[in-house]
Every structure is written in structure tokens, then in C-alpha cells.
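Peer 1: Listed here are the chains, written in short residue letters.
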Amino acid sequence: MSAMPEAAITVDGLTRQFGDFTAVDAISFSVAQGEVFGFLGANGAGKTTAIRMLIGLLAPSGGRASVAGFDVATQSEEVRQRIGYMSQRFSLYDDLTIRENIALYGGIYGLSDAEIATRGGRLITELQLDANADSLVASLPLGWKQKLAFSVALLHEPRVVFLDEPTGGVDPLTRRAFWEMIYAAATRGTTVFVTTHYLDEAEYCDRVAIMVDGHVAALGTPSELKAQFDTSTLDEVFVRLARGSGAAA
Amino acid sequence: MNQALVALRSFIWKEIRHILRDRQTLVILLALPIAQVTLFGFALRTDVRDIRLVYVEQQPDAATAELRTRFERNGRFTLIPANPASGSIAAAFRAGKADVALVIAPGLAEGIRTGRVAQMQVIADASDPNTGSTMQAHVLAAITAWQRDLGGRGSGVVIEPRIRMRFNPTLESVNLFVPGLIALILTIVTALMTAISLSREKERGTLEILLVSPLHPWQIIVGKVAPYMILAFINVVSVLVAAWLVFGVPFRGSLALLLAGSTLYALVGLSLGVLIAASTRTQLAAMLAALGGTMLPSTLLSGMIFPINSMPAPLQLVSNIVPARWFVEISRGVMLKGAGFPELWLQFAVLAGMFAAMMSLAIRKFSVRLD
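Protein chains in written order, with numbering that gives the first Met the number 0: chain G, 0 to 248; chain A, 0 to 370.
This is chain G alone, in the form it adopts within the complex:
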């Protein structure tokens, strides 16, 4: 792979309005290749709107954003080919088997049958799902489903993977295992853009952006943020930022 000087994600003044309401107000940041970037915010802070613009589900009202080197507004086709996405809702098909789900997503992303067979086989072995490969996804426990969904989102080796609250409703042990998978992906060079409600998970990120009322209220490594707000936990940082916004409003 050639050197990629440009950032994996560049966001510059990105804005989205719904009528009079500005859900995302001119946010700017950039994410390096291979970075694990946490995107935090209370409900309604605009993080879902922002992520939807980045993955091409929503057109920006202003500003620019590029993902994997392509503009999200004008080159969405190129962007789509290079990103993976896992939504907060479970994103595989319950009534298909594990193998069939893998074949489907591989096919959609244009992998050859041979590639699907090798990568799919590797994926199943890594997740220790060999015995269940031909059973319906519906029969898996939620934690396994989420891990499988993440692996499937990485099947086409995207440059950037977007995870929208991937660990909702999952037990702590599985969350831990899930984050190990995220690290492994980042180590292989994949940029991970993850939203979460769990502040302890934010600690695992290389850098964190906290959104409040459509703005990026804080941005930095977890230790930078804690130093900036002079506290020992990100939780405290988050609460202070969110409260501050509440008082202002």
C-alpha cells in the first residue's frame, strides 16, 4: 500500500439544518488513518446527524467533508466503496445463516466468490463460529451478533469503519472483547469512527470529540481532555460540558 498523506476523515465547517433547527453547526475536525476516534454527545447533540452525513445517508446543508479522500456530497459512490458501517440497530439478517450473511455482504461490496470464501472462512474461525457457520444468525446471542456484524462490516477491508453505538445492550465482557476487535482493526490500518454512550469506552479511544448542541465542545486525547478540565474521568468532562450547555439554554 502506498503512503497516504491525507487524513482518513476531514470535516470542515460541516453543517446540517432541519428547517430552523441547526442540528450540526459548522463542525471541523480530522481523523488520521488508523486512528480510533470516539464521537461522544448526549442524545440530540447532533452526533447521529453528523455520522449520517459522513456515510452519505444525509446531504450536508453546508461545509465540506471528505472520507477516505473523497467528498461525501459529490463522490458518495467512491466513499461508499471504501467505508464500512455498523448501526446501533442490529445490521445482519436474522433469517440467513452466518455464512449467507457473509456471502451477501461480500457480494454487495463486489468481492469475488474466492475472496468471500477465504475472508469469510478466516472471519468465522477468528470468531470461533465454525460450529455455527450454517445456523441462522437469529440463534446467536446478542454479543456474538454484534461481533459478527463488526467483522462483516470489515469484510471488504474498508479504509474507514463507522460504528454507531455498537455496544448498546451488550454485557461488559463482550464489550471488552469488542474493543479488542476494534484495536485489532486499527492496528491493521483501518480508521475507526465510533459513537458511544459509555464514557469508559471513550477512554479506549485515541482521540475523542464531544458534541454539545451541534458544536464540537471538546476535542483531544482522553488525557488531554481530563487535564484541560482538571478531572480524573472523562465522565466528569462530559457532565460539565453537557451541564454548561443546559445552563446556557
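Since the hints were derived computationally from the structure, they do not count as laboratory data.
The structure displayed is predicted, hence computed values, not measured ones.
Accuracy of the hints is not assured; some may be wrong.
[What the hints assert, rightly or not] To give an idea of the interface, some chain G residues facing chain A are shown, with a C-beta separation under 10 Å as derived from the structure:
hint, residue
1, Ile82
2, Tyr197
3, Arg242
[As the list claims (entries may be wrong)] Using C-beta positions, here's what the derived DEER-type ranges look like:
hint, chain 1, residue 1, chain 2, residue 2, range
4, A, Val26, G, Glu76, 36 to 46 Å
5, G, Asp70, A, Ala356, 26 to 36 Å
6, A, Gly352, G, Glu76, 26 to 36 Å
7, G, Phe20, A, Ala355, 33 to 43 Å
8, A, Asp21, G, Gln227, 50 to 60 Å
9, G, Ala130, A, Ser253, 54 to 64 Å
10, G, Ser111, A, Leu283, 39 to 49 Å
11, G, Ala130, A, Ala355, 46 to 56 Å
12, G, Phe17, A, Arg363, 46 to 56 Å
13, G, Ala130, A, Ala30, 34 to 44 Å
14, G, Ala72, A, Lys364, 14 to 24 Å
15, G, Ser60, A, Ala355, 53 to 63 Å
16, A, Asp21, G, Ala130, 20 to 30 Å
[Said to hold, decoys possible] Short derived list, chain G residues pointing at chain A, Cβ under 7 Å:
hint, residue
17, Ser75
18, Glu77
19, Arg79
20, Ser86
21, Ser90
22, Gly106
23, Gly109
24, Leu153
25, Val238
Cβ coordinates follow ideal geometry from the N, Cα and C atoms, glycine included.
Assemble the complex: chain G is given as a structure, and chain A must be docked to it using the hints.
Peer 2: Just chain A now, with coordinates in the frame of chain G:
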């Protein structure tokens, strides 16, 4: 192979798996048409054997007695005694004790002798219209035969049977149902099933994943629609076979033309289903919209059951935008009249126009993606 085709192929495979895996729905979809045809076939059976006839002689004479004997000996009729008061005829109908009444006006023998007009009235219980009209036809046939046998004696006599259908003045022949039934079944399989299957993806969030993927809206739509197209095709063929076996419904025209018409109509239904799914949020809403928006008009306003030219003018106008109306005209034309493309090009053109309009609207709705 082209990447777009690879993607499409895996998508269609997924859809086929969804369909095959939901055994219950599949069995219903495959068996329903055959069951419907069979039910219609038996429910609308028209070989009436035992007709209960109220024979009313308002002024008995030799001729009325002769005619009575003919009915008694016919084998098809059971005569029910009744007093001439017309109220008792209606009562017998309501109680389900009689099927047809024959009321003979005074002076039948006199009329035959002098060559004057003799009047009689045939009243049939048409709450089941097909049976009603069949029974009435049998009564008329018996009268006509008697009239013919009168020979010289009856020459010049005019028997004027005045026919009244009680309870249901609209008459439909059984053969008219089957072509309409094809329309109904195609509507269920295409509009309803695509609307449900697409809105299910929307509800579960998998549609979002598909929209984020490199799949184009057209690939998603074609992938959704193709398997149901196959299913619809199987349904049309099975309805035709069942109709032919159960009823002996005639098939006068070109099978290829009917299948072409069915394919076009299925495409209209499928694009309607996609449109419904794109405009509704939940599976339930999509289902209700599909039921209300397609099945009811297809049943009531297509001419399948109620003749369009007997509808009030505003409804006749509305029926023009009901795709089923045009398809029923095609299927009836081909099956019953042996009509060819020269007679049916307008119907084909209208359906093609509807398909083009709805499909482009559906693709537009999807291209806007999710909001």
C-alpha cells in the same frame, strides 16, 4: 462478471432465501391462488339441479294446468304451492324456501286461443346472482319448449316473460371471475409482499446498511422485485391451470399475450409496493396501505365483480387510475373473447405508462435516501 451484476446477484440470492425460509408465507402464497380458484369454483357452481319453483296461477285454466304438468315432469323443478298473493312469494324467498317464482297473469288459455299477448312473470332470487340467472334461464327454457310444442295451437301467441331479479340486480357470469381473480392474486403477491418485505428492512435497520453500501437504488429495487416476479408468474400459471381444471374456464386467446399482460401488471404492482414501502415508516403501516390502497380498489373498482358501466360516474372516473381495471380488461379480453394485441394495445399502453411513472417515482424516493 461486472461488479454491479455480482452485487445484484448476491442481493437476489438473499431475497430468494428470505422467501424460501419463511415457509409459512411461501405456502400461503403458493396455495392461496389455487384455494381461491377452487373456492370460487365450488361456491359459484352453476349446474343447478333442483330448482324450487313457486308456480302461481292467478286464474287457473287448461293452459296453466298444462304448463304446470310440464314443470312437474321436467325433473329439474320442485313445485311449491303458494297462494297468489305476491307477498307470500317474497316471504318464501326470504325464508329460503323457494328459488324462482313464475306468476301467470289471468287469461293464458284465452290468449293462446285468440292469439293475444299472454303475460307471465319470472322472479328469481338473485342473492346469488349466478345461480339466480341460471335458474331463471331454466324456467325460460321450459316455457319456450312448451310454447314450441303448442305447435299450431299456439301459433301467433306471444308469451312475454317479464324477468325480475330480486335482491341483487347485478349479474355476473362465473367466467368473469377468474380473469379478475388473476388480478387480485397478482396484486397480493406483488404490491403487498414487496411493500412488506421492503418496509421490514426499513424497520429492522438493514435498509440503512444497504443504502450505505455501494448498491444503487435500482439494484436494491430490482433485487427486491425479481424473486416476487417469479412467484407471481408461478401464481398466474397455477390459477390458469386450476381454473381450467375446476371450471373449464375457456381460454380463447393467446397465452403468450396474457402472460405478457400479467408480467406488465405484476411490474406495476411491484413498483406500487416499492412506492408504498418508501412512503411508510413501519411494516404495519405499509401492510395497511397496501391492503387499502391496492386490494380494495382492485376488487371493487376494477370491474372484477361490479361492472364498471353500472358504477356512478365519479367512480367510473376513479376506476381509470386503478391498474387492476386495465389488467382485468386484458385478461377478460384474452381469455373470454380471444382478443389480440390490436384490441388491447390501449390497456397495455396504460399499464406501461403507470409502471414507468411509479418506478421512476420509487427510484427517486430511494435516491433521496433516508431522512
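Peer 1: Does each hint fit the structure? Answer for all of them.
Peer 2: Against the structure, the hints come out as follows:
no. : hint                             : in the structure
1   : Ile82                            : 7 Å, holds
2   : Tyr197                           : 20 Å, violated
3   : Arg242                           : 31 Å, violated
4   : A:Val26 to G:Glu76: 36 to 46 Å   : 41 Å, holds
5   : G:Asp70 to A:Ala356: 26 to 36 Å  : 33 Å, holds
6   : A:Gly352 to G:Glu76: 26 to 36 Å  : 31 Å, holds
7   : G:Phe20 to A:Ala355: 33 to 43 Å  : 38 Å, holds
8   : A:Asp21 to G:Gln227: 50 to 60 Å  : 55 Å, holds
9   : G:Ala130 to A:Ser253: 54 to 64 Å : 55 Å, holds
10  : G:Ser111 to A:Leu283: 39 to 49 Å : 40 Å, holds
11  : G:Ala130 to A:Ala355: 46 to 56 Å : 50 Å, holds
12  : G:Phe17 to A:Arg363: 46 to 56 Å  : 21 Å, violated
13  : G:Ala130 to A:Ala30: 34 to 44 Å  : 36 Å, holds
14  : G:Ala72 to A:Lys364: 14 to 24 Å  : 20 Å, holds
15  : G:Ser60 to A:Ala355: 53 to 63 Å  : 33 Å, violated
16  : A:Asp21 to G:Ala130: 20 to 30 Å  : 25 Å, holds
17  : Ser75                            : 9 Å, violated
18  : Glu77                            : 9 Å, violated
19  : Arg79                            : 5 Å, holds
20  : Ser86                            : 5 Å, holds
21  : Ser90                            : 5 Å, holds
22  : Gly106                           : 2 Å, holds
23  : Gly109                           : 4 Å, holds
24  : Leu153                           : 13 Å, violated
25  : Val238                           : 30 Å, violated
This entry does not satisfy hints 2, 3, 12, 15, 17, 18, 24, 25, going by the numbered hints stated previously.
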